Amino acid sequence: MSNLPVRRDIPAGKILLADYGDRDYEAATLETIAEGFAPHPAIHATVRLQWSSPGFEPAGSRARWTNGYFAVRWTDRCGATQGQRYPDTPSGEADARARFAALTALR
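Going by the UniProt record's numbering, the first residue of the sequence shown is number 1, and it counts up by one from there.
Hints are not guaranteed to be accurate.
What the hints assert, rightly or not - Pair by pair, the computed Cβ-Cβ distance ranges are: (1) C78 to E57: 20 to 28 angstroms; (2) R23 to C78: 33 to 41 angstroms; (3) A105 to L17: 34 to 42 angstroms; (4) A80 to A34: 16 to 24 angstroms; (5) T81 to A105: 15 to 23 angstroms; (6) A102 to S61: 35 to 43 angstroms.
Read the hints as simulated data drawn from the structure, not as lab findings.
Because the structure is a prediction, the values reported are computed rather than measured.
Glycine included, C-beta positions come from ideal geometry on N, C-alpha and C.
Modelling step: build the complete structure from the supplied sequences, incorporating the hints.
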């Protein structure tokens, strides 16, 4: 069992930043759960279903705290990452899996 950071209570409209290497810096863990190809003409790319643990994630020259999430992402033709994030809750996971299934279904 891994030792992951715990969720933090961040007030609405506020963000928690840290410098890389700070004493309190705990990096988020990003895992790819599944990959599949999206044949939709607007996407036409490999789509990833991902999960992130609570922790700090890269945000330019600093790091931003995240309480974890599920995501459905792909890289577009220009090299930019596209997709959606869902809360790290059972309903968020169900919504992310449904979106992933819809995008990777053959039409």
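Results for each hint:
no., hint, in the structure
1, C78 to E57: 20 to 28 angstroms, "22 angstroms, holds"
2, R23 to C78: 33 to 41 angstroms, "38 angstroms, holds"
3, A105 to L17: 34 to 42 angstroms, "39 angstroms, holds"
4, A80 to A34: 16 to 24 angstroms, "21 angstroms, holds"
5, T81 to A105: 15 to 23 angstroms, "22 angstroms, holds"
6, A102 to S61: 35 to 43 angstroms, "36 angstroms, holds"
In this structure, none of the earlier numbered hints is contradicted; all agree with it.
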